[in-house]
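Trainee: Let chain A serve as the given structure and place chain B on it in line with the hints.
Top to bottom, those sequences are chains A and B.
So the first sequence is numbered by our numbering: it starts at 1 and just counts up by one.
So the second sequence is numbered by our numbering: it starts at 1001 and just counts up by one.
Note that these hints are calculated values from the structure, not bench results.
Just so you know, not all the hints are guaranteed correct.
What the hints assert, rightly or not - The calculated label-pair distances, taken between Cβ atoms and stated as ranges, are:
# : chain 1 : residue 1 : chain 2 : residue 2 : range
1 : B       : H1188     : A       : L345      : 21 to 31 angstroms
2 : A       : N256      : B       : M1001     : 50 to 60 angstroms
3 : B       : P1394     : A       : R252      : 51 to 61 angstroms
4 : B       : I1033     : A       : K355      : 54 to 64 angstroms
5 : B       : N1182     : A       : D224      : 49 to 59 angstroms
6 : A       : D293      : B       : H1188     : 28 to 38 angstroms
7 : B       : N1182     : A       : D293      : 41 to 51 angstroms
Note that this is a predicted model, so its numbers are computed, not measured.
All C-beta atoms, glycine included, are put in the ideal place defined by N, C-alpha and C.
2 protein chains.
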Amino acid sequence: MDTKKLIDLAMKNKSADLVFKNAKVVNVFSHEIINADVAIHDGIIVGVGNYDGAENIDLQGKFIVPGLIDSHVHIESSMVSPTEFAKAIVPRGTTTIIADPHEIANVCGLDGIEYMLKCSENLPLDVYLMLPSCVPATSFENSGAILKANDLEKFINHPRILGLGEMMNYPGVIYKDEEVINKIELAHKNNKFIDGHGPNMKNEELNAYVISGVGTEHECSNVDEMIERLRLGMYIMIREGSAARNLETLVRGVNNFNYQRCLFCTDDKHPEDILNKGHIDNNIRLSIKNGIDPISAIQMATINAATCYNLKNIGAIAPGYYADILIVDDLKEFNVEKVYKKGMLVGENKKPLFKSNDVDNSKVINTINILDIKKENLSIKLKDDIVNVIRLLPHNLVTEKVTRKVDLENNEFKYNDKLDILKLVVLERHKNTKNIGLGLVENFKLKNGAIASTIAHDSHNIIVVGDNDEDILNAIGEVENIGGGIAISSQNKILDSLPLIIGGLMSDKDIEYVNSKLNNMLSIAYDKLNVSKEIDPFMTLSFLALPVIPQIKLTDKGLFDVVKFDFIKI
Amino acid sequence: MDTKKLIDLAMKNKSADLVFKNAKVVNVFSHEIINADVAIHDGIIVGVGNYDGAENIDLQGKFIVPGLIDSHVHIESSMVSPTEFAKAIVPRGTTTIIADPHEIANVCGLDGIEYMLKCSENLPLDVYLMLPSCVPATSFENSGAILKANDLEKFINHPRILGLGEMMNYPGVIYKDEEVINKIELAHKNNKFIDGHGPNMKNEELNAYVISGVGTEHECSNVDEMIERLRLGMYIMIREGSAARNLETLVRGVNNFNYQRCLFCTDDKHPEDILNKGHIDNNIRLSIKNGIDPISAIQMATINAATCYNLKNIGAIAPGYYADILIVDDLKEFNVEKVYKKGMLVGENKKPLFKSNDVDNSKVINTINILDIKKENLSIKLKDDIVNVIRLLPHNLVTEKVTRKVDLENNEFKYNDKLDILKLVVLERHKNTKNIGLGLVENFKLKNGAIASTIAHDSHNIIVVGDNDEDILNAIGEVENIGGGIAISSQNKILDSLPLIIGGLMSDKDIEYVNSKLNNMLSIAYDKLNVSKEIDPFMTLSFLALPVIPQIKLTDKGLFDVVKFDFIKI
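The shape of chain A in the complex, shown without the other chains (with noise of 0.2 angstroms):
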């Protein structure tokens, strides 16, 4: 709009489209609850005070609240496309997000990228993207992509592209990587944010990590480790996820003069929880809840995140910006009953009112690039019955490293129903490589069958437990044909499966489908296939791959000993 047709609204010379009257106005900048009008005309906020507009709202006295920013999330997480995921949160009064679409990009490179761009286009959620520092995430594994500076070069500039995304690599900045500096340098030259993910660091290792530019943090497990980054000018991200929940924790070190440089984010929140906790409505119930005052805790999720990322005419309801805004009856339960995107009505009572939208995502299906695997890529070949298994801890991604005897028959692991050890395989799927990587677990508890996964954190192989050959082929098999996502075989037949048929991450379908489908397969996993219950064994799974979390880990390139930093035998 022109700055002229704005003046005329705002001194209304000219009726707005819509005025929401009697309204009690969460204001971010002054700390306040204002009873006010709030104008709007072609998705701006034009005046705050005394309106009448071609339609009124009488709000009775409820709450407007700006729509509320997820400062940093892995929308693959949901295991739905950006779309869908927007349908899901939006309604739940998020209408800004941060993402970093780091795992798709593990599958896809760039394409992924841009397909998470694209499908983010016109949604009535607005998606800045942070570029993936480090794909892939370690060197001890096969990703479908590798992204270096130069890749990263061809999005910088991308008006929806903030900067660098969570900087993982911390050791990498603190020993002045080659590679890793010269994506630091990408963001500075461009002038663009770099977030940070560097738990444990302290002292000149944090001044390291914050000199080299690394301007936030969402890893903080602790207060004091909080504090210390907060000191050091870094903005500190109160994530509250699926696997992460470190609100509780973290808002006891939250007070009236730092909450300033504070914001609210989810990181990794599954279907389950953003369909029955909600997303960052539930940072914002779960801070108050934890002796956040209301208005503190909605300015931690709104001008705050847009303060830092210096997003303009969000987070606020004031004249000139984006009219993204709630509709809230009691500040303290923070029920979202309708959200409003740049005017227009798109959530109500926690569903979306717009519908998906449609978008190319020819470059991000048909990601599963296996050979045709048989029963002798299976074979665990042993010198010795004693052998190194990979032992799970009850609701912990953390692994134990344990020695067990094993039955061996020519050389070659041998299954034994009386020992819960089963075979784990990671299979690289992106390049049709062979590789593949064998270990053995232990307290899966897995019986007469086998669970394969694509999601497999951050490479996104093919990751298989069983306690038998044939099932553990036919569920990577399995897995094969619905191009990418869960399976679960037992006796040889397909019990279930999930198809994420988007980089074998994300489905193409709503979330409360997904939701339903996972529950389903998470109750034959339990019921018919006996897994522990002290596990949840899709998540587990996700995370066995990953070779930054202790103990003990395997990718497509074998055993991995987290602690030494190395592979090991079995």
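Mentor: Frame of chain A; chain B shown alone:
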């Protein structure tokens, strides 16, 4: 410095040039005092924590505070050049200013702006400029230049130009004056800031002003005005200058939840006040005396201004920030002992440790361009002996319009010793147009002489007051001879004069010289010319030609009734 070197220094792989040991660091992010060492190299803070350097300075528990920021200042009001201004304010703790050169621009146009840019290069003071938005200030006077959007475009992308300076023509905004809108849109198009100056606006007018893009306000004179603006998203500059002092009033409206939207400024500060009271350090001291806690006051003077104007790497003591550092031994007294700019000691005990820089001023001198003015030019023809007179009020820029009976001779005003009614003359001095405005003034009380000055807001024509035409002509002759400035004549003899060769506004001498000269001339005015002690004669003269302050003023175009908003006859 390159990223790798910064990392090496932070990691202690290399020693920093300089480390302050045992400092109490004022942390503007966490609102705390932290005991730490601060390491500096090549002008950048490379670590905060435990460091040793090539040189170590033990601060023995003294405070380290970030360099202060004046968010809105007219350098010209100090009556010295930018380089001399820097010598005055840097030792008092100000290391960054955002200046609006609108006085010199009214005299010299773009040449004036260019001079201010040139003259502020390579100083130990970061000088950012806002492009003057209102040159001339009104159409009721003749200035030395007219700056339209097209003219401003030349400088809009200069790296030290942050945007459009205070938009004093707020009626022009809300009534959509074409040229005003052009300037605003020039700022928008180039993603630049717009500063405000909109006293007394409220409700829809204020909404319109804000929606046009105006983001700051320094003209609040009461808490209500401040809060209404803050709520609409404006940053509030709390001003403590010479003529306008709003701090003690406004800090009553500052609280722990809104101070982050408040900045400090001086706007206009005269030599004596800078030397005796200080600069932004004075805003801090006065805030603390009025109940603001010291860390909050320091935040208002540092990080808040940096955030408002998106100035990276200043305003805090943290890795990667410029080493703009003050050493202060007591936070409440806030006595700035030492000032480091980018790691260099540049001020100590209020004395500058750097030299003036030499800048070509050829385009901003010789700005007095007048005809040979004769006695007959000063003749006030009257048809009636009842006339409109400008009545001065004690210590006030507002005047009163009164009618008085005066003596006539041949239908011409005749001085009368017994009446305190003096001639006031405003003579266009830029373009030799012969334009001369004549008026009468009471309560100046001057006897036996005349005072002339080339500081006369905002067009800076020559303004003279006197009780006889000979001294008026003599004083005009002297300001012409000295190339602009202030002169006092009595009995056809120049008692003293202060050359202000730069645009007739600023001296090329240091501030101490200007101040002592002014003090001397003030004594002469009071003691020898009997000027009323209820007014400051030079400041009074400087505002008598400004046709926006009620009730009655004189420009080179004639006597102006500010209430009627039109010219009137004497």
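Trainee: Determine for every hint whether it applies to the structure shown.
Mentor: We went through each hint and held it up to the structure:
Judged by the Cβ atoms, the range 21 to 31 angstroms given for B/H1188 and A/L345 holds: they are separated by roughly 29 angstroms. The hinted window of 50 to 60 angstroms between A/N256 and B/M1001 is violated, with their beta carbons roughly 36 angstroms apart. Range check, B/P1394 to A/R252: about 58 angstroms between beta-carbon atoms, so the 51 to 61 angstroms window is met. Checking the proposed 54 to 64 angstroms range against B/I1033 and A/K355 shows it holds: the Cβ atoms sit about 55 angstroms from each other.
Between B/N1182 and A/D224 the Cβ separation comes to about 54 angstroms, which falls inside the hinted range of 49 to 59 angstroms. For A/D293 and B/H1188, the hinted distance range of 28 to 38 angstroms is satisfied, since their beta carbons lie about 36 angstroms from each other. Under the hint 41 to 51 angstroms, the C-beta atoms of B/N1182 and A/D293, about 44 angstroms apart, fit the expected range.
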